Amino acid sequence: MDTPDILVRAVGTALPGPAIDNATLTQRFGMPVAWEQWIDTFVGTRTRHFAVDLDTGEVRHSLTGLGETASRRALDRAGLAPADIDLMVLATSSPDMLMPATVNLIADRLGINGIATYQLQSGCAGAVQALDITSHLLRSGRHRNALVIGGDTCAKHFDVTVDAASLPPAEQVNGMLFGDGVGAAVLGVGPAPDTAVLRHAFVQFVGLGRAPGQIIEWSGRADRHNDRPPVVEDYKAIEESVPVLAAEALRQVLDDLDWKDTELDYLLPPQLSGRMTARIVEALDVPQAHEISCVTEIGNTGNALPFFQLERALPRMGTGDRAVGVAIESSKWIKAGFALEMV
Amino acid sequence: MNTIDDFITLLRDEMGMPVSAGDAALSLDQVAGWDSVHVLSLLSVLERRTGRSLPLADVLEAGSLEDIYRLAVAA
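Chains A and B supply the protein sequences, listed in that same order.
Here the working numbering is used: position 306 in the first sequence is 306, and no number is missing along the way.
One rule links them: number in the working numbering = place in the second sequence (from 1) + 1000.
It is worth saying that the hints were derived from the structure and are not from the lab.
On a predicted model such as this, the values are computed, not experimentally measured, just so you know.
Incorrect hints may appear among the rest.
Which residues of chain A face chain B? A partial, calculated answer using Cβ under 10 Å [what the hints assert, rightly or not]: (1) PRO168; (2) ALA170; (3) ASP223; (4) LYS236; (5) THR319.
Sample of chain B residues with no beta-carbon within 10 Å of chain A, all distances over it, derived [said to hold, decoys possible]: (6) ARG1012; (7) GLN1030; (8) LEU1043.
All C-beta atoms in this analysis are idealised placements derived from N, C-alpha and C, irrespective of residue type, glycine included.
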């Protein structure tokens, strides 16, 4: 059976508000200068964007709105109209509401009706999960043009009135690491020249018996006043495990495609923070591949990150160029990887 | 905070660190659980207590808890 190429026709992204640098964050929350120095030294992320106005706490952007913006940009670049889309998949850990699912609100904003829509509840592996599932749905022949979206906003977790100095240090670190953003890709069915082909995508849960490395709680009316911290990150487990899992995921993609290390032109590594990503890239040991990273500029935007990386990678890829992206989700430990080839 | 013992008490009470006076002279890599997040926490605690902001670079050069104490109380 002849399976068609799955094409990544175009990518678009959206970031809310201005870039917030470490000095601004430090001053806004009344922290000592050494706090800013600590971010520069141990995190290495320089700026990030927030859907929340830092001064007033007003929520200025929603996942829906950012998703619409990113989607329109991707569609414009693909030379398509919303009416050409017959499948939408959104991956997020932070939907605007549980119901209606944000993917349907974005469809509404785009003026799209009568199509299949799916939404994934996901962390850092979400973008790859969405690409993977979409590629299978396209190959089934039931659809031709898909909008795949990934993004997160921490608006529901970000209390700008909090006394940051009184927060446990681990929660302070969360505030330094994360940022808001959404990315979207238009996927289609080939063949088509001068277009990136999605050669492979895989997702693998490896969290059996492992304590979660990341927990995000949600609450309803009955348990809204609980004492549980809304976001918990086990930084030690993340530092120990993510580089190992990233190396395994890269190896798996290369082996599945029978690509040699030396044939890799672009590497899209896990985007945790400037420092962690640098450490991971070193451990991955593919020095001839150009690294495509964005986390030092936009922070950890979870489900959006691979789209921001793709947006940077695609214009640089020439005919025959090969790229591999790796995403590791530390919530319950999920390995994910994907590969592109420009034909 | 007047003495090294006050400093040790501060670490125990405000940061929950299981340290005693005997740990003050130990090299930091021998202090149980000491990591970069502890440095972050310590900077905030010391700034609140002493009213002065310690430069991170100086704290990172400290070899022991006693070294950090001396930085914090330096005139």
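Cross-check of the supplied hints:
Using the Cβ-Cβ criterion of 10 Å, the hint placing A:PRO168 at the interface with chain B is satisfied: the shortest such distance is roughly 8 Å. Proximity of A:ALA170 to chain B holds as hinted, the smallest CB-CB distance being about 6 Å (cut-off 10 Å). The interface hint given for A:ASP223 is broken, as the beta carbon of that residue sits about 27 Å from the closest beta carbon of chain B, more than 10 Å. Below 10 Å, beta-carbon pairs count as interface contacts, and A:LYS236 has one with chain B at about 8 Å; its hint therefore holds.
Using the Cβ-Cβ criterion of 10 Å, the hint placing A:THR319 at the interface with chain B is not satisfied: the shortest such distance is roughly 44 Å. For B:ARG1012, the requirement that its beta carbon stay farther than 10 Å from each beta carbon of chain A is met, with the minimum near 16 Å. A cut-off of 10 Å between C-beta atoms confirms that B:GLN1030 is not in contact with chain A; the least separation is 18 Å. Not every CB of chain A lies more than 10 Å from the CB of B:LEU1043, the least distance being 4 Å, so the non-interface label is violated.
Hints 3, 5 and 8, counting from the list given before, are not met by this structure.
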